[in-house]
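K.L.:
Below are the chains, spelled out letter by letter.
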Amino acid sequence: MAAVRRAKERFSALMPKGLDVVGVGIGLKGDDPALKVNLGTAPKDDSLLPETIDGVPVVYDYVGKILKR
Amino acid sequence: MKLESARALKLEIASEVVPPAVSAISAAGGFSVTTFALHKLTKAEPLVALGVAPGKTENDVRLAVRLQRHSLERSDALLDNIRKRARNEVDVRFVGRVAKHALPWYRQRQRPLQCGCSVGHFKITAGTIGAVARQRKTGHDVILSNNHVLANENDAKAGDAILQAGAFDHGKMKDAVAKLTKWVDLRPNGANLLDAAIAALSKGIDADPLDYKGIGTLAGARIAPLSPGMAVSKVGRTTGVTRGRISAIELDKVVIQYDLGMISFDDQVEIESTGATSFSAGGDSGSLILDEENRGCALLFAGSETGGSNGRGLTYANPLAIVLKRLAIDLHGT
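Residue numbers (the working numbering), protein chains in the order written: chain A, 1 to 69; chain B, 70 to 403.
Rather than coming from a laboratory, the hints here were simulated on the basis of the structure. Mixed in with the good hints there might be a few duds.
[As the list claims (entries may be wrong)] With a cut-off of at most 35 Å between alpha-carbon atoms, the simulated DSBU-like pairs for lysine-lysine come out as follows: (1) A:Lys8 to B:Lys394; (2) B:Lys394 to A:Lys65; (3) A:Lys44 to B:Lys322; (4) A:Lys65 to B:Lys322; (5) A:Lys65 to B:Lys226; (6) A:Lys29 to B:Lys322; (7) B:Lys243 to B:Lys226; (8) B:Lys282 to A:Lys65; (9) A:Lys65 to B:Lys248; (10) A:Lys65 to B:Lys241.
[Stated by the list, open to error] Simulated DEER-style distance windows between Cβ atoms: (11) B:Gly344 to A:Lys44: 30 to 40 Å; (12) A:Asp54 to B:Trp174: 48 to 58 Å; (13) B:Gly344 to A:Leu19: 30 to 40 Å; (14) B:Arg143 to A:Gly30: 30 to 40 Å; (15) A:Arg5 to B:Asp275: 42 to 52 Å; (16) B:Arg162 to A:Leu48: 53 to 63 Å.
[Claimed, not checked] Incomplete in silico selection of chain A near chain B, CB under 10 Å: (17) Val4; (18) Gly40; (19) Leu49; (20) Val59; (21) Ile66; (22) Lys68.
By construction, the Cβ of each residue, glycine as well, lies at the ideal position given by its N, Cα and C atoms.
Modelling step: build the complete structure from the supplied sequences, incorporating the hints.
P.N.:
Okay, structure coming up:
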C-alpha cells in the first residue's frame, strides 16, 4: 500500500497533459494493490499512458460522467 | 388478419363467446374464490382479456386472448370457438390474476422511520435515510444523509422541514419528520471531503435505528480502515438492497456534477456491484454502506453509469469515520 501511495503522489508529474482524470486512488490488479486512475473520457492516444509507476501497476477505468445520486 | 377485423372480432367474442362459456363453468361448479374482505369485492372479475397481438408480417395482426382463470384455459369449447372465429389467427396465453405493482417499502411512508427509505428536504426530490444516529452533544436522534438530500446543496437553513417520504415519493409538508440541523457546505472551489448533513427528529417521530431491512442489524460503526476488495452492502430508496465490493480507496480528484457545478472530492471510497445490476442509482444518495459484519463504513453520495470491472458503473461514498467526526454524531449499535 505504501508503494501505491507513493505512486499516487508521483502520478501528476508522469501523466500526459490534458488527460480527463476524474479520480486517482488505490485499487486492485488481481489480488495486488494497484494505482487506479479513473478517466472521464478516453485519451486520443492511450499508448502514452504508463502501465506502471515506479513498479506499481496502473489500472485505467473509463467511468464517464459522475453525478450526485 | 387486418387490424379492423381484429377489433370487430374482439367485440364479437366478448359479447357472444365468453359469456356462455363463463355461465357453463359457473353451472358446473363455478370458479375458485380467493378469501379477502367483502368490502374489497367489486363486480370486476378476472376472466378473459382480449386485445390485438402482432401477426406474422408487419401489417398483419392476431387476436390476443389472455386467460385469467385455469377453468377457462381448460374449456375446449371456449377456445375452439375463438380459434374458429379467428381462423386460427389467435395468440392464446394464460396470465392469471394481474396485480397492480406495489411501491417497494423504501419509497413509501414509514413510521417508525426505517433506515434505507425515502427522505428529503422539502425543496428536493428524494434521497435516502442513511442512518438514525445520536448527536453527541444533545443525545438526540438525528437523520444522517447527504447535504444534497437534506440541505439542498447549501440552499437551506437550519430548521427547514425534512419530509418522509421525500417530495418525489408524494411526501407533503404534513409528512415532515425532522428539522435540518447541521451540514457540511459543498465548496465548488477546492477539494471537498464530505457531502453530509443531519436533521433532528421531530417530537413524536419514532425511528428504528438498527434494522436495515434485507441486510440485518446495524452493529455500529467500523473502526478498522477500509481496503480494496472488501464486500459491502446498502439499502437505498431507489435500488433497495444491493451488494458490491470496494474497488478503490483514498480516491482523490473525484469530479462530480451537482446543480452547483462541478465539485471535486478527495479521499473517497469507490464501490462496484457484485450483483446483476448497478450498486446504486439516483435517489440512493445518503444510503449507509455496511461491511460484512453490518458495521457502517461509508456514506453513499454519487455514481457513474459506466466503469468498473463489470461495466455496471461505480458508486462513490465518503468514509464514515470523518462523517461522524465532522457532524459530531455516533451510530447506534456500538
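K.L.:
Give me the numbers of the hints this structure contradicts, sorted from smallest to largest.
P.N.:
14, 19
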